[in-house]
Amino acid sequence: MDIIACIKRVPQTAEADVKIDSSGKDIVKDRLQFDMNESDTYALEEAILLKEKFSGSLTVISVGTFDAEDTLRIALAKGADNAIRIKAEDFGELDGYKTAQLLKAVIKDLKHDAIFTGCIATDDYYSQVGVTLAELLGMPHASLVTKIEIDGNTVHAYRELEGGLLEHLAMSLPALFTIQTGINEPRYASLIAIRRAAKKEIKVIGKEEINAEDIVSFSSLEKLFTPPVGERAEILSGTLDEIGTRVQGIVKEKGLL
Amino acid sequence: MAEIFALVEHRQGAVRDITYELLTCGRKLATAQNTKLTALVFASPADKIVESIQERADRIIVMEHGVFENFNAEIYQLALRDILEKEKPHVTLIGHTAFGYDLCPALGAEMGIPFATDCLDIEFTGSRLRVTRSVYDGKLDAHVLLKEHTSYLVTLRSGCFTPEEVSLATEVVKQESPVTEQPEYRKFVDYIEAAVGEVDITKADIIVSVGRGIKEQANLPVMEEFATAIGGVLSCSRPVVDAGWLPKDRQVGSSGKTVKPKLYIALGISGAFQHIVGMKGADTIIAVNKDPNAPIFNEADYGIVEDLFKVVPVLKEKILDAKKLKG
Amino acid sequence: MRGIININPEIRDAILESGGDDAIKCYSCGRCMAACPWNLIDDLDYTTYRFCQRIKLGAIVDSEAKEDIAADTDEVFRCIGCDSCRHECPRGVNLSDVLRAVRRILVDYDSYPAELKGVISRLYSSGNPLGESSAKRADWAKDLGIPHFDGTQEFVYFPCCLPAYDARLKLVAEATASLLTKAGISFGIIGEEEFCCGEAVRRVGAEKVFQSAVNNNTRVFQKFNVKNVITTSPHCFKTFQTDYPAFSDIQIMHVVQVLHQCLADGKLKPERPFKKKVVYHDPCTLGRQMGIYDQPRELLQSIPELNLVEVPVFNREFSVCCGAGAMGLWRDWPQDQRLVKIRTEQIFATGADVLCVACPYCLQMFEENFKSMNVDIEVMDISEILFSSLGQ
Ligand SMILES: Cc1cc2nc3c(=O)[nH]c(=O)nc-3n(C[C@H](O)[C@H](O)[C@H](O)COP(=O)(O)OP(=O)(O)OC[C@H]3O[C@@H](n4cnc5c(N)ncnc54)[C@H](O)[C@@H]3O)c2cc1C
Ligand code: SF4
Ligand code: SF4
Chain A
1 MDIIACIKRV PQTAEADVKI DSSGKDIVKD RLQFDMNESD TYALEEAILL KEKFSGSLTV
61 ISVGTFDAED TLRIALAKGA DNAIRIKAED FGELDGYKTA QLLKAVIKDL KHDAIFTGCI
121 ATDDYYSQVG VTLAELLGMP HASLVTKIEI DGNTVHAYRE LEGGLLEHLA MSLPALFTIQ
181 TGINEPRYAS LIAIRRAAKK EIKVIGKEEI NAEDIVSFSS LEKLFTPPVG ERAEILSGTL
241 DEIGTRVQGI VKEKGLL
Chain B
1 MAEIFALVEH RQGAVRDITY ELLTCGRKLA TAQNTKLTAL VFASPADKIV ESIQERADRI
61 IVMEHGVFEN FNAEIYQLAL RDILEKEKPH VTLIGHTAFG YDLCPALGAE MGIPFATDCL
121 DIEFTGSRLR VTRSVYDGKL DAHVLLKEHT SYLVTLRSGC FTPEEVSLAT EVVKQESPVT
181 EQPEYRKFVD YIEAAVGEVD ITKADIIVSV GRGIKEQANL PVMEEFATAI GGVLSCSRPV
241 VDAGWLPKDR QVGSSGKTVK PKLYIALGIS GAFQHIVGMK GADTIIAVNK DPNAPIFNEA
301 DYGIVEDLFK VVPVLKEKIL DAKKLKG
Chain C
1 MRGIININPE IRDAILESGG DDAIKCYSCG RCMAACPWNL IDDLDYTTYR FCQRIKLGAI
61 VDSEAKEDIA ADTDEVFRCI GCDSCRHECP RGVNLSDVLR AVRRILVDYD SYPAELKGVI
121 SRLYSSGNPL GESSAKRADW AKDLGIPHFD GTQEFVYFPC CLPAYDARLK LVAEATASLL
181 TKAGISFGII GEEEFCCGEA VRRVGAEKVF QSAVNNNTRV FQKFNVKNVI TTSPHCFKTF
241 QTDYPAFSDI QIMHVVQVLH QCLADGKLKP ERPFKKKVVY HDPCTLGRQM GIYDQPRELL
301 QSIPELNLVE VPVFNREFSV CCGAGAMGLW RDWPQDQRLV KIRTEQIFAT GADVLCVACP
361 YCLQMFEENF KSMNVDIEVM DISEILFSSL GQ
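Residue numbers (our numbering), protein chains in the order written: chain A, 1 to 257; chain B, 1 to 327; chain C, 1 to 392.
A couple of the hints might just be wrong.
Unchecked claim - In silico DSBU-like pairs for lysine-lysine, Cα to Cα no more than 30 Å straight-line:
no., chain 1, residue 1, chain 2, residue 2
1, C, K142, A, K200
2, B, K203, A, K51
3, B, K262, A, K25
Note that these hints are calculated values from the structure, not bench results.
Take the sequences, apply the hints, and build the full model.
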C-alpha cells in the first residue's frame, strides 16, 4: 500500500506568550519552539501503523521553508520512507486553499492508496487543507477521524461528532483521512532511525517544478490582533441564591447554554 | 441583491443549535446588504425541521429525500452545488461543526468559490468579505479578507452568535433532490455512542473539575450529575486520580491534560502550579473554594468563597432554570 | 523483541559527540545501581550500570519496535540527576551527564516524554516554566520595598522562577529578602528581565533552550554589571557556577552561605526560641553536588530551643532525592514509583514536627506529598525558620 502523510511545522503557541510582530501580520517567533503540528503527529502515526500492517511505502510531504526539513526528518526517523518539501518561500502568502493546491501538484504524480493529514493546524486553525486536497485529487475523504479499521476492500472510518457521538462510514480506497488527536499513541524515534534519517535526502520542489501562476489563494491575512480579555478574579459575594443568579448570568452571557 | 443562505444542520431528527446561530448571523448580513435570508433544509422527514426554523428566514428551500436522513458530506455537496448553481447566493453560511468541516472546503474547491473556515464574525467591506478568525491556539485573532467574488462560503464557529427570536414571513419552497443514493465510495453506516471512558476532556466546552475538596468518592456522583446537567464533562486534579476516583485521562495539569474550555468550574481545587498550567487557557474560570487565600483565586475570573457542597446544588438549579427558559 | 545486542558504532559516536564521553570510563561494576534511589522502590530495577556499556556498543534506544523504543526512552528520561551514583562510582562517571547526551539527540527528534514539552515551550517563550508573564516577575517583592538592582547595591538576589510566582513559594522569597534586609545586606532584584537559570531544561537535553537562558541572563547581568549573586535555589546556584562561562568572575552564593556569614559576623541574631523538632533534608544539588552540609545545620543550631534531628544513615551525602530534579517536578510516575514517598517515610520516622529544606523544589514536593500521605509535618524553608526566630 502506498501512503502519503502531509505534515506541517508550526510554532508551539499553546503554552507560550504570543506577540505580534511589527508587520502586524505575523508573530514574533524567536522565542518559540517549533514542532510538528499536533494532529499531524497522529496522522503520521496512523500512516506508519498502516504501512507496518500492509507493507508498502510512506512518503511525507510538507509545504514549508527550509526549517520544515527538520520536521520531515523527524517523520523519517519515526518511520517514513521518503520526504518531500515544497518550498513555501517560492509561493508567497499561503492560505489553506493554496497549500492544498501545492500538495495536489506534487501528489498527483505519486502513487497513493491512502492520504493522511492532521485535522487542524494549531497556527492558522483553518482545518481545511485535507478536505480541499481530497476534492482537488478527486478522491473521497473523511475528516476528524478517530478510528480506522480496514476490512478487505472496505475501510471503516469513524468521525468524531460533537457531544460524544461517532459517525461510522464505510469507504473504499483510495481515500483521504484527516486525523483527530488521540486516535493512537504517536511513537518515539529510535537512535538508529534518527541516524538513518539524518543522512536521507529530502526532495525539494519549488517554482521550477510547480507553476506558481496556476496556484491561487482564496484569502489573505489583513492583520492580527489580541482578542479583548476580561478582568480577573472577581469574588462573587452575597447569599447563595444571589451568587447562583450571578453565575447563571455569566453562563448565559458567554453563550454556554 | 444576491441573497444570504444558511445551511440547516440537524442530527437524529433534531435541529442543531448552530442552525439558530447561523440564522442570526445570516440575518445580520442580509439586513446589512439589504437582501433576503434563505435557509436550506436537506432532510427526511423534513416537516419537523422546517417547523423548528419557521419565521427565522425569509425563505426555506427544502429538499426532502431518504438520502438526507443522515449527514453525508458527499451527498450534501451534490445537493448544495445544485442549489448554488441555480440561485447564486452572495454568501452561504455553514456551521463549523463536524458536518461543516467535512463539507465546506470540498464544496468550495469543487465550485471555485472562495471560502473561509472557523470564523467568529463576518462583515462586508465594500464588495469583499472580511472574516474574523481565531489563530495560534486562540491566543490571537485575525482579520482575513476573501478574494473578490460573486459568491462566498463561510463556516461559523459555534457560540459566536446568540440566537434571537424573530417572526419573518417565511415562504417554503420544495425542490427535487439531485441525488438519490449514497455513493459507493462513502456510505453512512450508523452513529455510535462514544464509550463513557472515552470522554475527551480536551475537547469539551464546559468542564467541571473536582479536587481533593470533594472529600470522598461517594460525593463524585453529585459532581458528575452537575457536570452533565450543565452540558459539561468532569475532570479533576491529581489527588483525585491518585485516589482512584477518576481515571488518569480526566486529570488536568502538567502531568495530565491541558484543557481550554469556554467554562472551567474548579470545585475544591487549591490551584497548585502543576494544576494551573493545565487550565489557565480556559475562557472563563469560576473557582469554588472555602479558603479565601487559595491560589486558585489568582487565576479565576470569578471566585466563590464557600463550601462547595452548598454551592453546587444552587448552581445546578440556576443553570438548569436558565436552560428551561431558553428551551 | 529483544535478541542479541547489535553493535552500532554510529550511535556510540553520536552520543560521545553530544557530551557522553564519561561513558568510556565505566567498567560496569554496578555500584551506581546500588546507590540509585530508584532502586529503593520495590519491583523497579533501574539498571544504571548497563547504560554506559550499551552506549559503548551503540546499543541504546536502538530497537525498531515501537514498544521497545518507548520503554528505552522512558528509562533514559527516568534519571533525575541526583548524583548519588556519581558519589559512589569508583571511576568518577557522571551518569546523569551521560544520559543527558542521549537525551539531547532524542529531544532534537521530538522523542521525549510529552509532559516535558509544555514546560520547555513555556520556559522558552516566557522565561519561566509556568508560562507566567515576565512583567509579573517582581510582583512578590512589591510591598517589601526592595530596589531594582542598579549597580549601587552589592548583591543581586535571584529568587528563580517558582519563588517569584507560586503563591506558596513566594513566602520563601519574602522571608529571604526580609532576612537579608535585617542583616543589612545591600541587594536589589532584577525582576522582569530575569530569566529562568535553565538548569532543569539542560538536564533533560533541551540544549537550545538552555542556551537561550544563558544568553539572556548573561546579557542582563552584564548590562547591570552584576558582581555578586545570592540564589534561593541550589539549582541556579550550581548552574550559574558550572554552566555559565561568562559568570566566571561573578561570585555566586547560595542563601545559606550568606546567612551563615551574617551569623558569624553577628549581623543575624536568632533570639526567639523555635521549640520544635526539626529534621533537615539535604537537597541533592546543595549537598552532594555542591558540598554544602554544615552551614545549614549550624544555622539551625543557632536557634534557641530548636531540636535538630537527622534522618538516620540517609543524611548528608546519602540523602535521598525528593524526585524533583531534571524536571521531575513536572513528571508523573505511577504512585508506587514516586521517590518522594521513600523520603517521606524516612522523614516521618524521625518524629520531627518540621521538615527544613533549602530548595524550592524540595519544598513543593514534600508539602504536596505530605498532604496526600496524611503526614502532619510542616515543611519550611530554612529562611522561613530563621526569619521566625529573629527578635523584633
Ligand atoms: C511531579 C508532580 C506533578 C503533578 N502534576 C499534577 C497535575 O498534572 N495536575 C494536578 O492537578 N496536580 C498535579 N500535581 C499535584 C499538585 O502539586 C497539587 O498537589 C494538586 O493539584 C492539589 O490538588 P487539589 O487542589 O485537588 O488538592 P488540595 O491542594 O488539597 O486542595 C483542596 C482544596 O479544596 C478546598 N476545600 C476543601 N473542602 C472544601 C469544601 N467543602 N468546599 C470548598 N472548598 C473546599 C481547600 O480549601 C483546598 O484549597 C503534581 C505534583 C507533582 C509533584
Ligand atoms: S558505578 Fe560507575 S563504573 Fe560502576 S557501573 Fe556505575 S557508572 Fe559504571
Ligand atoms: S543521578 Fe541519581 S537518579 Fe540518576 S542514575 Fe544516578 S543515582 Fe540514579
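Verification of the hints:
For the hint linking C:K142 to A:K200, the alpha-carbon distance of about 55 Å lies beyond 30 Å, and the restraint is violated. Distance hint between B:K203 and A:K51 is fulfilled; the C-alpha atoms sit about 29 Å from each other, no more than 30 Å. About 26 Å separates the Cα atoms of B:K262 and A:K25, which keeps this hinted pair within 30 Å; it holds.
Hint violations for this structure: number 1 only, all remaining hints satisfied.
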